[in-house]
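Trainee: Given chain R's structure and the hints, the job is docking chain F onto it.
Now for the letters of each chain:
There are 2 protein chains.
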Amino acid sequence: MTRRVSPTQSGLDPTVAARLKRDDQGLVAAVIRDNHTGEVLMLGWMDDEALHRTLTTGLATYWSRSREAYWVKGETSGYRQRVREVRIDCDGDALLVSVDQVGHACHTGAYSCFDSGLLMPAGPE
Amino acid sequence: MTRRVSPTQSGLDPTVAARLKRDDQGLVAAVIRDNHTGEVLMLGWMDDEALHRTLTTGLATYWSRSREAYWVKGETSGYRQRVREVRIDCDGDALLVSVDQVGHACHTGAYSCFDSGLLMPAGPE
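Chains as they are written, first to last, in the numbering used here: chain R, 1 to 125; chain F, 1001 to 1125.
Isolated chain R, as found in the complex:
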């Protein structure tokens, strides 16, 4: 099901929902890290329902802003993320999700979405 589920329709635990500080699109940022290496793999976006599905299925599930659909990571590629831990930050606008990553996290084929994006320090002249 890809249709957007509103916070009031979502099955997310109300005590968790009350801690979320959503942006204008109803989303919080989810930082995904490798449970074994601690490496930051990617950043995704979750609404109440995506977080609910992540917590209850144990598979990292996002709201895709570009496709406007729920997206179970690896659903088509097979590169799933089995969730081992979920944390929320002090002001409720970010999640930290530790996962067992199957294969690579990035759609480019890289292990992490940050692998090829070095901005600083600058490379040799």
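Please keep in mind that the hints were generated in silico from the structure rather than gathered at the bench. Check each hint, because a few of them may be wrong.
[What the hints assert, rightly or not] Just so you have them, the derived chain R footprint on chain F, three or more residues with Cβ under 8 Å:
#: 1; segment: 1022–1036
#: 2; segment: 1067–1077
#: 3; segment: 1091–1105
[Claimed, not checked] Cβ-Cβ distance ranges computed for the label pairs, FRET-style:
#: 4; chain 1: R; residue 1: ARG3; chain 2: F; residue 2: GLY1011; range: 20 to 26 Å
#: 5; chain 1: R; residue 1: GLY92; chain 2: F; residue 2: THR1037; range: 30 to 36 Å
#: 6; chain 1: F; residue 1: THR1008; chain 2: R; residue 2: VAL72; range: 36 to 42 Å
#: 7; chain 1: R; residue 1: ASP24; chain 2: F; residue 2: ALA1017; range: 20 to 26 Å
#: 8; chain 1: R; residue 1: ARG82; chain 2: F; residue 2: HIS1104; range: 26 to 32 Å
#: 9; chain 1: R; residue 1: THR57; chain 2: F; residue 2: GLN1009; range: 42 to 48 Å
#: 10; chain 1: F; residue 1: PRO1014; chain 2: R; residue 2: ARG3; range: 36 to 42 Å
#: 11; chain 1: R; residue 1: SER116; chain 2: F; residue 2: ARG1022; range: 18 to 24 Å
#: 12; chain 1: R; residue 1: ARG22; chain 2: F; residue 2: ARG1022; range: 41 to 47 Å
#: 13; chain 1: R; residue 1: PRO14; chain 2: F; residue 2: HIS1107; range: 22 to 28 Å
#: 14; chain 1: R; residue 1: ASP24; chain 2: F; residue 2: GLY1092; range: 44 to 50 Å
#: 15; chain 1: R; residue 1: THR15; chain 2: F; residue 2: ALA1069; range: 27 to 33 Å
Keep in mind that this is a model prediction, so the values were computed, not measured. The beta-carbon is built from N, C-alpha and C at its ideal position, and this holds for glycine as well.
Mentor: Frame of chain R; chain F shown alone:
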């Protein structure tokens, strides 16, 4: 200076600016991690100018959505973040910033903003 600087006014390297995928508020998410431990410390928000200042001063600088002002982390508390590496992700809506954190990162006094926010696994009944 706290007044918002537009992307066109910012001194950010145009080749970097061209890679940013900003949200409706002109911001990208910045994941901050400890350069030594790899631990994720916090999530902040940067616009072009905050990223420009971060890259050129070497001190992590954010756009505070609540205070609507640029904010050099530790400016008042002393808990600064000296920037060692900045990466951008594959689709340009997130940064990964490795810092030498002076003291603690969280305004609550915790080392990380995620320290006390365990949502899963649930604790003992």
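Trainee: Hint by hint, note whether the structure agrees.
Mentor: Taking the hints in turn, this is what the structure says about them:
With a threshold of 8 Å between beta carbons, the proposed coverage of the segment 1022–1036 of chain F by chain R holds, since 6 of its residues qualify and at least three are required. Counting residues of the segment 1067–1077 of chain F whose CB lies closer than 8 Å to any CB of chain R gives 0, so the stated coverage by that chain is violated, three being the minimum. Closer than 8 Å: that is the beta-carbon criterion, and the segment 1091–1105 of chain F has 5 residues meeting it against chain R, so the requirement of 3 holds. The hint said 20 to 26 Å for the Cβ distance between R:ARG3 and F:GLY1011, and at roughly 43 Å that hint is violated.
Hint check: R:GLY92 to F:THR1037, Cβ distance near 24 Å, so the stated range 30 to 36 Å is violated. For F:THR1008 and R:VAL72, the Cβ-Cβ distance of about 39 Å falls inside the hinted range of 36 to 42 Å, so the restraint holds. Restraint check, R:ASP24 to F:ALA1017: a C-beta distance of roughly 23 Å satisfies the suggested window 20 to 26 Å. Restraint check, R:ARG82 to F:HIS1104: a C-beta distance of roughly 31 Å satisfies the suggested window 26 to 32 Å.
With their beta carbons about 45 Å apart, R:THR57 and F:GLN1009 fall inside the hinted range of 42 to 48 Å. The hinted range of 36 to 42 Å is satisfied by F:PRO1014 and R:ARG3, whose Cβ atoms lie roughly 40 Å apart. Checking the proposed 18 to 24 Å range against R:SER116 and F:ARG1022 shows it holds: the Cβ atoms sit about 20 Å from each other. At roughly 18 Å, the beta-carbon separation of R:ARG22 and F:ARG1022 lies outside the given 41 to 47 Å, and the hint is violated.
The hinted range of 22 to 28 Å is satisfied by R:PRO14 and F:HIS1107, whose Cβ atoms lie roughly 26 Å apart. About 19 Å separates the C-beta atoms of R:ASP24 and F:GLY1092, a value inconsistent with the hinted range of 44 to 50 Å. Range check, R:THR15 to F:ALA1069: Cβ separation about 32 Å, and the 27 to 33 Å hint holds.
Consistency note: the structure conflicts with the earlier hints numbered 2, 4, 5, 12, 14.
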